Amino acid sequence: MSMTIVLGVPGAGKSTVLSALKGKQGCALVNYGDLMFEIASKKKYVEHRDGLRKLPPATQKKVQAEAGDALAKMEGNVVLDTHCSIATPKGYLPGLPFSLLGKLQVTQLVLITAPIKDIVARRSADKTRARDAESEESLRQHHDVNVALLAVYAAFCGAPAKIIVNSQGNAEETKRALLSLFD
Amino acid sequence: MSMTIVLGVPGAGKSTVLSALKGKQGCALVNYGDLMFEIASKKKYVEHRDGLRKLPPATQKKVQAEAGDALAKMEGNVVLDTHCSIATPKGYLPGLPFSLLGKLQVTQLVLITAPIKDIVARRSADKTRARDAESEESLRQHHDVNVALLAVYAAFCGAPAKIIVNSQGNAEETKRALLSLFD
Amino acid sequence: MSMTIVLGVPGAGKSTVLSALKGKQGCALVNYGDLMFEIASKKKYVEHRDGLRKLPPATQKKVQAEAGDALAKMEGNVVLDTHCSIATPKGYLPGLPFSLLGKLQVTQLVLITAPIKDIVARRSADKTRARDAESEESLRQHHDVNVALLAVYAAFCGAPAKIIVNSQGNAEETKRALLSLFD
Numbered sequence: 001m002s003m004t005i006v007l008g009v010p011g012a013g014k015s016t017v018l019s020a021l022k023g024k025q026g027c028a029l030v031n032y033g034d035l036m037f038e039i040a041s042k043k044k045y046v047e048h049r050d051g052l053r054k055l056p057p058a059t060q061k062k063v064q065a066e067a068g069d070a071l072a073k074m075e076g077n078v079v080l081d082t083h084c085s086i087a088t089p090k091g092y093l094p095g096l097p098f099s100l101l102g103k104l105q106v107t108q109l110v111l112i113t114a115p116i117k118d119i120v121a122r123r124s125a126d127k128t129r130a131r132d133a134e135s136e137e138s139l140r141q142h143h144d145v146n147v148a149l150l151a152v153y154a155a156f157c158g159a160p161a162k163i164i165v166n167s168q169g170n171a172e173e174t175k176r177a178l179l180s181l182f183d
Numbered sequence: 001m002s003m004t005i006v007l008g009v010p011g012a013g014k015s016t017v018l019s020a021l022k023g024k025q026g027c028a029l030v031n032y033g034d035l036m037f038e039i040a041s042k043k044k045y046v047e048h049r050d051g052l053r054k055l056p057p058a059t060q061k062k063v064q065a066e067a068g069d070a071l072a073k074m075e076g077n078v079v080l081d082t083h084c085s086i087a088t089p090k091g092y093l094p095g096l097p098f099s100l101l102g103k104l105q106v107t108q109l110v111l112i113t114a115p116i117k118d119i120v121a122r123r124s125a126d127k128t129r130a131r132d133a134e135s136e137e138s139l140r141q142h143h144d145v146n147v148a149l150l151a152v153y154a155a156f157c158g159a160p161a162k163i164i165v166n167s168q169g170n171a172e173e174t175k176r177a178l179l180s181l182f183d
Numbered sequence: 001m002s003m004t005i006v007l008g009v010p011g012a013g014k015s016t017v018l019s020a021l022k023g024k025q026g027c028a029l030v031n032y033g034d035l036m037f038e039i040a041s042k043k044k045y046v047e048h049r050d051g052l053r054k055l056p057p058a059t060q061k062k063v064q065a066e067a068g069d070a071l072a073k074m075e076g077n078v079v080l081d082t083h084c085s086i087a088t089p090k091g092y093l094p095g096l097p098f099s100l101l102g103k104l105q106v107t108q109l110v111l112i113t114a115p116i117k118d119i120v121a122r123r124s125a126d127k128t129r130a131r132d133a134e135s136e137e138s139l140r141q142h143h144d145v146n147v148a149l150l151a152v153y154a155a156f157c158g159a160p161a162k163i164i165v166n167s168q169g170n171a172e173e174t175k176r177a178l179l180s181l182f183d
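For the record, the sequence lines run as chains A, B and C. Residue numbers for the first sequence follow the working numbering, beginning at 1 and rising by one. Residue numbers for the second sequence follow the working numbering, beginning at 1 and rising by one. Residue numbers for the third sequence follow the working numbering, beginning at 1 and rising by one.
Hints are computed from structural coordinates only; laboratory data are not their basis. Treat the hints with care, as some may be off.
Same chains, same label: a pair holds when it works inside one copy or across any pair of copies.
[To be verified] Dumping the calculated SDA-like pairs for lysine to any residue here, alpha-carbon to alpha-carbon at most 20 Å:
hint, residue 1, residue 2
1, K61, G102
2, K117, Q141
3, K73, H142
4, K117, E137
5, K43, R123
6, K62, T107
7, K54, T107
8, K61, Q25
9, K54, L181
10, K90, A177
11, K103, A72
12, K117, S138
13, K175, D118
None of the values given here were measured: they were computed from a predicted structure.
Please construct the entire structure, taking both the sequences and the accompanying hints into account.
See below:
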């Protein structure tokens, strides 16, 4: 039994890299946003996934607490796909606050990142999602906060934190780097 | 009810920016150093505010614990003005250690920062306070530690952390950025 | 009574700098790796020090817990020599996870670091130890993670965190900087 948490900002290529784990024997891939939405929609808090962001903080915390309980009960090798932090109008909201981490037995942390220019290029190419425009300077700031958060999560859990740089054109190499953590 | 904590190094322009909140309906602005001094002077630990720094660590912790209890009891929208960390001869002392954060229900964290050259210029222009001279290199180091601490505080509290860069000549814009967090 | 924790990556010159404390009245210098090995070899978990790294995570945590208990019982001025984090194939493993820090009453944290080029030069000159080759880029990343971890540890303990840059040729100055923390 293990719990690996894979973190990354939009445009880092996390989904592409995580696709390497699909079908891997004994690996249960869980998307944290999906889990939150599932819980919140069952409770009739939201109808659409976009509604999650607009929930009052107290309700969000309640949904987050239930998501943590659900994750704690999962068996096998769970791979949780979530954000290191989300850039909101009120600032960077940590994806793994202590209240959530305290419920989990994390064995491995992974941050998928990429050179700033690659993230900018991928975001502007992605027309399917209305992604917030972040300047290079603010992406750099977000990156620094994410590395610091990764360190915080690692110290909390006593788990190793791997940073994988997913440069443009190196998706296969990045996938191998991720897979090697499961050897 | 909410608790916003505003952090910043001397020369970042925190006081100027915070002045935007003076008189704002329902906002109680609390200076952490003033609160510490009030408690310490009632207990006869110190006579002058400068004495706070010279208190033995055990006494400082006692005063800090009482300050935390006092803050925890405050009602309404409290805005706490304090340091992310203080540069002391023994290193960077965190302004919000876990022992203090554990007493508070923090809803928003804000770090007011500025380009290093602006901080240097403001400090050398400020003759009214005997501010410690920090080289550009050590200011850069202090900044990195502060961003990391901000991430720690955010993960502890599960609260968003906003970084506002108060560049020279942009005080009005910075004030608007701070005020927008209270909308 | 005090507990100072001195952290640093291989090649930062930590051992050289720490030699300044040898023989200092009332200072008990404890190497965390030695302590771990002592405990693990008594329990027959390992025969050689290299075996520590290869222990299953659960056994490592058991040894770490015992090391924490042993440290908590030590009296006088303890100086603990350990790593901020270790670069492993699975990522950066924090040297002071919360489970360990929670047992200690830390009064001072010190990170001995050095310019990246000096670390690279020292590592390539050191033929006695089979040190992992880290590229400049990955050393920079490791440094950033270590500074963030230092901030985490400081916030957890409420203790000051000093960063001492041990540039090539400045060992005596660095020693004095370390000694000044004990004044």
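Structure-based check of each hint:
1. Within a single copy, K61 and G102 get their C-alpha atoms as close as 14 Å, and across copies as close as 17 Å, so both meet the 20 Å cut-off.
2. Taking CA atoms no more than 20 Å apart as the test, K117 paired with Q141 passes in both settings, with 14 Å inside one copy and 18 Å between copies.
3. For the homomeric pair K73 and H142, neither the shortest alpha-carbon distance inside one copy (32 Å) nor that between copies (34 Å) is at most 20 Å.
4. In this homomeric assembly, K117 and E137 come within 20 Å of each other (Cα to Cα) both inside a single copy, at 11 Å, and across copies, at 17 Å.
5. In the homo-oligomer, the alpha carbons of K43 and R123 never lie at most 20 Å apart, since the shortest distance is 33 Å inside one protomer and 54 Å across protomers.
6. With identical chains, the CA atoms of K62 and T107 are at most 20 Å apart between copies only, with a shortest distance of 15 Å across copies and 25 Å within one.
7. For the identical chains of this complex, K54 and T107 are inter-copy neighbours only, at 16 Å across copies versus 32 Å inside a copy, given an alpha-carbon limit of 20 Å.
8. Neither within a single protomer nor between protomers do K61 and Q25 lie at most 20 Å apart by alpha-carbon distance, with minima of 33 Å and 27 Å respectively.
9. Only between protomers do K54 and L181 lie at most 20 Å apart by alpha-carbon distance; the minimum there is 15 Å, versus 36 Å within a single protomer.
10. In the homo-oligomer, the alpha carbons of K90 and A177 lie at most 20 Å apart only across protomers (10 Å), although the nearest pairing inside one protomer, at 34 Å, exceeds that limit.
11. Taking identical chains as interchangeable, the C-alpha atoms of K103 and A72 lie at most 20 Å apart only when both belong to the same chain, with a minimum of 6 Å there against 25 Å between chains.
12. Proximity of K117 to S138 under the C-alpha cut-off of 20 Å is found in both arrangements, the shortest distances being 12 Å within a copy and 19 Å between copies.
13. Proximity of K175 to D118 under the C-alpha cut-off of 20 Å is restricted to the intra-copy arrangement: shortest distance 17 Å within a copy versus 33 Å between copies.
Hint compliance for this structure: hints 3, 5, 8 are not met, and every other hint is.
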